Amino acid sequence: MPALSFPSAPVALLAGLAWLGACQSNPAQTEASTAAAAPTTAQPDSAGKKYLAQPLIKDIYTADPSAHVFNGRIYIYPSHDIETGMPENDNGDHFAMRDYHILSLDSIGGKVTDHGVALDIKDIPWAGRQLWAPDAAFKNGTYYLYFPVKDKQDIFRIGVATSKSPTGPFKAEPKPMAGSLSIDPAVFTDTDGQTYMYMGGIWGGQLQRWRTGKYDGSKPKEQEPAATEPSVGPRVARLGADMKQFAEPVREVKILDKDGKELLSGDNKRRFFEGAWMHKYQDKYYLTYSTGDTHFLAYATGTSPYGPFTYQGTFMNPVQGWTTHHSIVEIKGKWYIFYHDTQLSDKTWLRNVKVTELKRGADGSLALINP
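For the sequence shown, the residue numbers in mature numbering (1 follows the signal peptide of the UniProt record, and there is no 0) are -28 to -1, 1 to 343.
Derived by calculation from the structure, the hints in this document are not laboratory data. Predicted model, so just to flag it, every value in this text is computed and none were measured. Heads up, a few of these hints could be off.
Simulated restraints on C-beta separations [said to hold, decoys possible]:
1) 185 x 78: 41 to 51 Å
2) 289 x 238: 18 to 28 Å
3) 337 x 58: 37 to 47 Å
4) 41 x 231: 20 to 30 Å
5) 163 x 337: 13 to 23 Å
6) 162 x 136: 48 to 58 Å
Here are the simulated DSSO-like pairs of lysine-lysine, each with C-alpha atoms no more than 27 Å apart in a straight line [unchecked claim]:
7) 83 x 331
8) 306 x 256
9) 136 x 147
10) 21 x 122
11) 124 x 22
12) 226 x 191
13) 111 x 143
14) 147 x 94
15) 230 x 241
16) 226 x 252
17) 306 x 83
18) 216 x 111
19) 136 x 94
20) 124 x 191
21) 94 x 83
22) 147 x 241
23) 186 x 230
24) 256 x 304
25) 256 x 331
26) 94 x 216
27) 186 x 216
28) 147 x 124
29) 331 x 304
30) 256 x 22
31) 111 x 306
32) 191 x 216
33) 230 x 256
34) 111 x 256
35) 147 x 111
36) 331 x 230
37) 304 x 252
38) 252 x 122
39) 226 x 241
40) 241 x 252
Ideal placement from N, C-alpha and C gives every residue a C-beta, glycine not left out.
Make the full structure from the sequences, and use the hints.
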């Protein structure tokens, strides 16, 4: 995916130090030098730029945070950004991540622990390149780490790895999940105990190449629907009891406008691009996602985990950097959004994870956040 240009980082020295940390795959557990912060007013950095929240960790670059509460502790499953020197392009080849670090903290505002490398691409038998945004789940005494990576044919699939610890190390299954595709797995367990995976992202995420139900990489620039056609929706499938395979065929999620019509491909301020997340509030399902090239986080609501979902609006304005990816979790009676920007590096492929409170209206609507 393309990247917006920003001025050179005023914190070049800090970014350089963070890059040194990013190059080190140290499996030892370390405590981050910064504490989690969720301020209610924007805070300026050393260059005078104002940010709503500060990076949770500065020793390495992290992005795409999937947050969960396991046994009363907050765990964050992010991407681990590294500098590869690859040129930027629409396929996101410059996002060439190779491992995952898991972060944890006791509470919002507490010190963050980096638990070191939890899974490395070299230990995934079927993987080729680009270890992108993961998610995690817990069931039956086992922790499951779900991850997208291109296989050896350069096609994104979703894999799963398991551990008895929320921080790993995780052992990957020998093959990707049958029927999986594209990127950005997000796993949601409903109040009835059923678990679902949402996945997909267009452009570099390849979702548009699956429109016929089979992968077709022959004409990638022509596979996105025309502007007047319905947009490509994320995919969803219920997971089986072993949490390693789908219990049903993958289906497309429909996002509708208030008149019940599908959002169109040309409606890029509202249509789905990538980074779906699901949460439930007062028996209503909230599908939240990134609009990609317009850089908003949007949400749609429905009465079933399968949808359809009705578009409700934007709840986060663009962050600094090209990508925007989030998760939403309830912690001690309050809701929080974990997200990323490029405060530390000013480079769209070297990001840092943040958190701030997510507020709602009396009707459950999500308040707009200016990051």
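Non-conforming hints, listed in increasing numerical order
Result: hints 4, 6, 10, 11, 21, 22, 23, 30, 32 and 38 break, sorted rising.
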